[in-house]
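Required output: the full structure, derived from the provided sequences and hints.
2 protein chains.
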Amino acid sequence: MSKILIRGMVLPMTGPNDFYPEGEVALEGERILSVGEKGSAPAGFIPERILDYPQDIFLPGLINTHTHAAMTLLRSYADDLPLMPWLETKVWPFENKMTDDDIYWGTSLALCEMIRSGTTTMLDMYMSMDKVAKAVLTAGTRAVLARGMIGSAPHSGKALAENLELIRNFHKQGESRITVMFGPHAPYTCSGEFLQQVKAEADRYGVGIHIHIAETKDEIEIIRQKYGVTSVKWLDDLGLFGGHVVGAHCVHLTAEDIEIMAQKNVRVAHNPESNMKLNSGTAPVPLLQTKGVIVGLGTDGASSNNNLELFGEMRSASLLQKLQVESTALPAYKVLEMATVGGARVLDLEDVGKLVPGFKADLISINLDQPHFYPRFSLPGHLVYSANAADVRTVIVNGKIVMEERNLLTLDEKKICYEAESRAKRIVGEL
Amino acid sequence: MSKILIRGMVLPMTGPNDFYPEGEVALEGERILSVGEKGSAPAGFIPERILDYPQDIFLPGLINTHTHAAMTLLRSYADDLPLMPWLETKVWPFENKMTDDDIYWGTSLALCEMIRSGTTTMLDMYMSMDKVAKAVLTAGTRAVLARGMIGSAPHSGKALAENLELIRNFHKQGESRITVMFGPHAPYTCSGEFLQQVKAEADRYGVGIHIHIAETKDEIEIIRQKYGVTSVKWLDDLGLFGGHVVGAHCVHLTAEDIEIMAQKNVRVAHNPESNMKLNSGTAPVPLLQTKGVIVGLGTDGASSNNNLELFGEMRSASLLQKLQVESTALPAYKVLEMATVGGARVLDLEDVGKLVPGFKADLISINLDQPHFYPRFSLPGHLVYSANAADVRTVIVNGKIVMEERNLLTLDEKKICYEAESRAKRIVGEL
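Residue numbers (my numbering), protein chains in the order written: chain Z, 912 to 1342; chain R, 912 to 1342.
FYI, nobody ran anything at the bench for these hints, they're computed from the structure. Since the structure is predicted, the reported quantities are computational estimates derived from the model, not experimental observations. Be aware that a few hints might be false.
[What the hints assert, rightly or not] No more than 30 Å apart at the CA atoms, straight line, and that leaves these computed lysine-lysine pairs for DSS-like:
1. Z:K1137 x Z:K1175
2. R:K949 x Z:K1325
3. R:K1045 x R:K1137
4. Z:K1336 x R:K949
5. Z:K1326 x Z:K1311
6. Z:K1128 x R:K1128
7. R:K1001 x R:K1336
8. R:K1045 x R:K914
9. R:K1311 x R:K1083
10. Z:K1083 x Z:K1045
11. R:K1326 x Z:K949
12. R:K1311 x R:K914
13. R:K949 x Z:K949
14. R:K1202 x R:K1001
15. Z:K1045 x Z:K1311
16. R:K1001 x R:K1326
17. Z:K1137 x Z:K1202
18. Z:K1326 x R:K949
19. R:K1144 x R:K1128
20. R:K1311 x R:K1326
21. R:K1325 x Z:K949
What follows is the structure, given as structure tokens:
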């Protein structure tokens, strides 16, 4: 088993007072062996590699709880548009031309960007998910994969079959780096029967469900007209909740919705930048948290963001709630929790998101020896309000180094950028 | 005179259709000699240096129209607090302990960060402005400097004398890189008599006035109780407007306020991240622009942001208006204009902010050969929605290279970070 010794500042995300200014983390195989002050690694631990960065801060890898990775191919293809023309005249026609291989390369591009910005785990909902799984296996990252399913005739049967196939082929594959969920798209794109069928299959396979919920006012209006209740209430009445359910967005919620979500342990993937860019609204994050709902952070796809980095997303999450609620809302450490240990809880990953012995060795380092990180009063403050993607120096997933000194070790970045560029342009040429 | 030839993509910011995919810019001395396609430099132009970056995009240096640079020393010293405790228990006691030299080093730290993130010009309002001027002269950047003045007894006379001294010593100094304005702090911290005195001096010296206006609801309430009108109306009634006036923030405005500002050509420094972080509110930027008010972007001080980079600020400006108004608000190119040519108009800098022959040679390059800039559909979209500080490769101000391949050529970054750290910690020790 590989053995790596890490030295630097260590922020284990086990509590706001836990910090090792001169810390040490020992990694053995896929897992963390020890975390503590310098010299705390067990006697007899002989590392093959020592990463000694006294000016870096090590923390758990960031967790992106909602994205459509291959939509990198649409980055800046359709900015500054209203939602429906954006979808109908730009996104959907483009997506209709995407091949399996396009999705492989688009996902690979997303993984380059994610690794470069310290994201070690993503929850991805898209199509051709076997290709997404292969890209993840190559990249060496962790992922939860859900086949995005429009749950109405004529395509719902095929989509569900593909999601089942995804479970059979990839659930717990790649040293368990991959887990699979069902991905029914949204209340307004899936029938009640389909959602109940999905729920039955999810229970049968013991996997979770990822679904967009209450993203826009229009959705709320459509569901109210169709069923006379809110999106959350309708899904609850259908019996969808109770197991592992991750709702993306959850912007427009009533007090009763939030009570239901808390009771049924529905977890939330909050996407502040996408919600801002598409004029969707502001999710009631502090209220959700007060009521006990677990909230993680997501970037959504690159077509509505347009980047996939969580440092900016943390900053936006905090600033947005400070603007809408009060200046004390979502303080820095709480936002860091959302992007690490909170994200792991959203994804039901029991041994990810904190630096503690026995947990999976997913961690990143940020080079603090730069002007925008001086003076050093609050390091969580620096990470949330000042850090950017390029400040990440090291990325380790499952005990393997996937980025060192900003060089990607598992992916051929030049080739991926070339493929992404030429495929995106080919698709637009076909429209 | 030094001669530099630049080759790469060129976005001159002279109009949304103006772009040279294989462009060329010739610099002679302090100014731009030519801008166009590759090969367009005048015959006989023999450059001393050629910067050939076909994968970089060159654009005008970014302009920060409102900051308190030396407040870098307070970075992350007081996050996540309500406004008044933030000011009264943290910011003001800290500032009371700052020496002239502390301000020199804090400003130098800000200039490191600004250059690293592509900002070539700042409008700075603070104290010990002779030290700020010296830091700017060393850094080689462009700056508009205003002595921040609390305009009431007993300190207003001394502050005004210092602002006058600043004009005499530094206005148009450093190859005209520095200009000076008056800096009365705000309507609620200056008496009417003082503001009229400032206006008379500004007219006498032919310089402008920089003042916080309508930043918070509290300010509006204070002014209404004291004078029965809005902040803008009160300042207008006093006769403060008509010359070159830059209002910082301008969040809480009535329709009549906006009419006055448009008529009197009051220019706005918009600070979206600070306004979000301090729960100040959302400035009506699209409405101001529709009415003809010129709006630039600012970061405010590092205590309420906490970074001084304009790439994140551009993104926040656009996302905030998209959330609050509509998804088509502040499209990418318009935001880039605010950060370049718009900022120059805010600061009354006639030959800065665009890449055109005869203008000052202030320009930056961004390395687009990175995963988060693929595919290349809209480059303005990439610059606003995907770019970060560290993507800036080259910074040139007034024809001189101040950053090359991310190495600062004019500032001793290590020394500056060391001084900032030790001085900030000394100050906290004195409290």
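Hint check, failures only: 3, 13 and 14
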